[in-house]
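Participant: Take the given structure of chain F and dock chains S, C and L with the ligands to it, following the hints.
These protein sequence lines map, in sequence, to chains F, S, C and L.
The numbering of the first sequence is our numbering, which starts it at 15 and goes up by one.
The numbering of the second sequence is our numbering, which starts it at 15 and goes up by one.
The numbering of the third sequence is our numbering, which starts it at 477 and goes up by one.
The numbering of the fourth sequence is our numbering, which starts it at 477 and goes up by one.
Keep in mind the hints are simulated off the structure, nothing from the lab.
One should not assume that every hint holds.
Stated by the list, open to error - Result set (SDA-like, lysine to any residue): computed pairs, CA atoms no more than 20 angstroms apart in a straight line:
id : chain 1 : residue 1 : chain 2 : residue 2
1  : S       : 24        : F       : 64
2  : L       : 539       : L       : 497
3  : C       : 575       : C       : 563
4  : L       : 611       : S       : 205
5  : S       : 24        : F       : 168
6  : F       : 179       : F       : 168
Remember, it's a predicted structure, so these values are computed and weren't measured experimentally.
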Amino acid sequence: MAFDLDAVRKEFPILSRQIDGSPLVYLDSGNTSQKPRRVIDAMTDFLENSYAPINRSSYRLAGEATEAFEAGRRAVARLVNASSPDEIIFTKNATESMNLIARSWGGANLGEGDVVLLTHMEHHANIVPWQMLRDERGIEIRWVPLTADGQLDLTDLDRLLDGAKVFSFTAMSNVLGTIPPVAKLCAAAHDAGALAVVDACQYVPHNATDVQAWGADLVAFSSHKMCGPSGIGMLWGRLELLDAMPPFLGGGNMIDTVTLDGYTTAPVPAKFEAGTPPIVEAVGLRAAVEFLEDLDMSDIRQHEMDLTRYALDTLNGRFGDEITIYGPDDVAVRGGVLSFAFRDLHPHDVSQVLDERNVCVRAGHHCAKPLMQVLGVQSTTRASFYLYNGTDDVDALADALAGATDIFGF
Amino acid sequence: MAFDLDAVRKEFPILSRQIDGSPLVYLDSGNTSQKPRRVIDAMTDFLENSYAPINRSSYRLAGEATEAFEAGRRAVARLVNASSPDEIIFTKNATESMNLIARSWGGANLGEGDVVLLTHMEHHANIVPWQMLRDERGIEIRWVPLTADGQLDLTDLDRLLDGAKVFSFTAMSNVLGTIPPVAKLCAAAHDAGALAVVDACQYVPHNATDVQAWGADLVAFSSHKMCGPSGIGMLWGRLELLDAMPPFLGGGNMIDTVTLDGYTTAPVPAKFEAGTPPIVEAVGLRAAVEFLEDLDMSDIRQHEMDLTRYALDTLNGRFGDEITIYGPDDVAVRGGVLSFAFRDLHPHDVSQVLDERNVCVRAGHHCAKPLMQVLGVQSTTRASFYLYNGTDDVDALADALAGATDIFGF
Amino acid sequence: MPGLEDLYREIILDHYRTPRNRGELESPPAIETRGHNPLCGDEITLYLLVDGEGDDAIVSDVKIGGQGCSISQSSASMMTQAVIGKPVSQAYALIRRFKTMMGIEGYDEQPGDADVAMGDLEALQGVVKFPVRIKCAVLGWNTLAEALDRAGV
Amino acid sequence: MPGLEDLYREIILDHYRTPRNRGELESPPAIETRGHNPLCGDEITLYLLVDGEGDDAIVSDVKIGGQGCSISQSSASMMTQAVIGKPVSQAYALIRRFKTMMGIEGYDEQPGDADVAMGDLEALQGVVKFPVRIKCAVLGWNTLAEALDRAGV
Ligand SMILES: Cc1ncc(COP(=O)(O)O)c(C=O)c1O
Ligand SMILES: Cc1ncc(COP(=O)(O)O)c(C=O)c1O
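Chain F extracted, bound-state conformation:
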């Protein structure tokens, strides 16, 4: 079935909201996505009729709630082709997933002088947890640099990976849109004897994902960027690896037994899910996954590739030298994220002017300050697309940018 943009948009209540008489042009999905009706309804219905504790109580309502929660886990496992639902850990967000990796796997396996390889286009979530580990135990962090068009410069990869114990990289940059060759990087990590960790926060919402085909070891992503609720993140890991990792947070549900003298841990996924989990959120997330599956991830990706092509052409065509769009031009290796500099206007002012026309973009460092330094800027303006965006949104963006001149009179 062809991708039907109008039908898709009708599923998102907020997109029919009018602000001051004109519709919302939401171009900030790289930050967080809007939610379709069925996700909202799934949560409301669950709260009104079925809410109960999970894993702990044995009456029917609790059993059913547990089943609804686990159905969320199974849906996520299916979406990324995990070999078992037990390989999916629910966290609070992708950031917690990354911290879990650094602290649990890193805590058990990394010491003084051990090397972790990152890239210059990482989000803070894939930088700071490793820097904390560095401060604590003296690991060494190395960086894969970028080419002029914002792709990973893999020329020296073998040297950088030499002796590395972890290679952790984003599957899609939240600033440049760059999609590196994930499977190839995982294989290179393994060849060097390093763990392959993938920050798939920006990838999973927009692409068909197969963690097994990637050959990755650990993969982090977030519900709120893929039409699902806030308050729930995911970690996928190979079962044997997760089994071998020490726990992260301690408390109820993650234990097998507790005495005054000590505790033993439950099998995964419970081992990594201390305390009351995001119950309603898992129910909403399941609806989000089913929504994406019904549309088909490949069709979503195709739609976004077309749209990104259109956006690059439109903006470059209309503004020429006045606009600098960062990242690769080839949409086969980039997602629908367009960070740019516009004339000598500050991104905050650009965003302000666009907001006047209900065009919502992000201005700032996008939680990727090291990348800003590499690009030689303090901040950028970023438009990021999702399945509900169309060429009309790109046109609205371009029109609003054109209007910016009138105000600043440069």
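Facilitator: Relative to chain F, chains S, C and L with the ligands alone:
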């Protein structure tokens, strides 16, 4: 205004659900509470009309969403009488709050041989994080024992606190209902030079809470037990203390700046809120706090004291020696949590029989295995009350228990 | 909804009230394994004696200790009756059949499984209608499987 | 909704296009403080020279470095004009008045504050209607306050 039970119940959609023709008798609120209409509506409305990223983008929708999120923080600050909203940290649940305390404060301040004092009635969330710290760095854990009626035995408190650096205790036991003298314990901790940490998970939902009057240093609690959404927990701390504590999770939002060489942290509360927070959940939590405030926490407490008295009298009266209810008999020092042993029936079977009549109770160790050992049992059956429960629920529980005999024919 | 009579069949209650093969065996020679259900805290200790090697290996004795609900206790009690004196291979087959009956996936029948009689164990079929109790019913079986694996004959 | 003309007043754009007192001062003797807005990454470096002691202390010079949006840049530029040559106590009073104008709580007016003229700074009043920009407008002011605190006269 007197507490109007019928009016309160009408606010909870699930309570009008009929299962096999009879209503739900929900007696598992110590586990997690049901949600009133206005909490559900606040979240639905926000998702349909106002969802946007917070703290990161600068268009109006994002500014309004940030404001809605922060209003949740202010509401929580008001509820527990924090001296500033900045003292409220949003976590994923109380368990994360406890881990944050153990890892951040404990990590910075506790070493080999340092003493942490806990009590025999703690939840795993206030045990395992400290045991993890013990395994990691050799701290010593001491325990305050219990009296025969399930109160803290404070006879030896001074000796136990001697040399302790932390005293961490529950403000209300989730098994016994016991409410210890929190302010007195905080003062004793301070006299001994120890930090006073309070697990207020079971307290805040049922009692007017004043963290300043307690004189506590750090207090953990959870939204889902107080009519709010799942997926969001809270940590209150004195501002100077939070300011001095190192960060817990690393990533976006918690930083001031990041370079390839290192990071610096943002001021609290952001310092402890890495990644995309529970946005919609904070909006729902605000509605929950306002709901509780409108009813008045003191009236809620009075209602639950009356109900607990009625329940103790009814169950002891009807079943005499056949029932053993743990914990203090004086409702001035106990909340609405009744754990019991019934004849020689296993709690799982009791719960099963009650479930036949839609009476929902928890059977198990209640995430307090050390306490089970102290009580000399493997598990108990637990009925726990909240503002929507009434004497009819207690009667339904008693009737269903009476029916248990017919089946097992003991 | 399924009635309690589907769960608490008379034979189940009988095994609960009068559990068979309760007790301990000296270990070694017996293999001692523990199982428990973290949800409710139920604990079981199983003692296993195996006679012979390879295809000739026989489950010569099993004893059950620990505490649990009617379902976990009766299931373990019935299990001991079903496996004592049987070849180890049949005990494994029974574990597979039982778990399949409980709706647990990943236990495809193997040739010969169908020849293993379930007998009284059929009474536990009703547990499937009470999903949260499935873990109770299989507790003893998982513990037996672990003991057999450790016997490694 | 408030229009962009409420935000981008002509005088603000003028200070943005032609910022006053941009540059550096040798430090020491100047006090150098940095401020930034973690939301957007805006950075400001402020150099402060104070003459005299106690009640006689005067802000003798201020220079601004760093990058930022029109609001943070123009607000800092106007601020320099408003404080250079003024007594330190008046600079503090102006900070309080400015923050109060921005709707930031906890800055109750103190006796004498009302005497401090806001002048062109009134043009920034429109920022209040754009709450996310308030942080931009006060960035320079917070940085100045820190510098004055460090001067400690
Ligand atoms: C006393 C006590 N502490 C801590 C917790 C843990 O709370 P949460 O599951 O929300 O992390 C609970 C609830 O299960 C509790 O009752
Ligand atoms: C590439 C990337 N990694 C990690 C994150 C962090 O995700 P979250 O905020 O859900 O923890 C984000 C989103 O902000 C991201 O874009």
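Participant: Now tell me if each hint is right for this structure.
Facilitator: Hints and how they fare:
no. : hint            : verdict
1   : S:24 <-> F:64   : holds (16 angstroms)
2   : L:539 <-> L:497 : holds (5 angstroms)
3   : C:575 <-> C:563 : holds (19 angstroms)
4   : L:611 <-> S:205 : violated (42 angstroms)
5   : S:24 <-> F:168  : violated (63 angstroms)
6   : F:179 <-> F:168 : holds (18 angstroms)
Going down the numbered hints, you'll see the structure goes against 4, 5, while the others check out.
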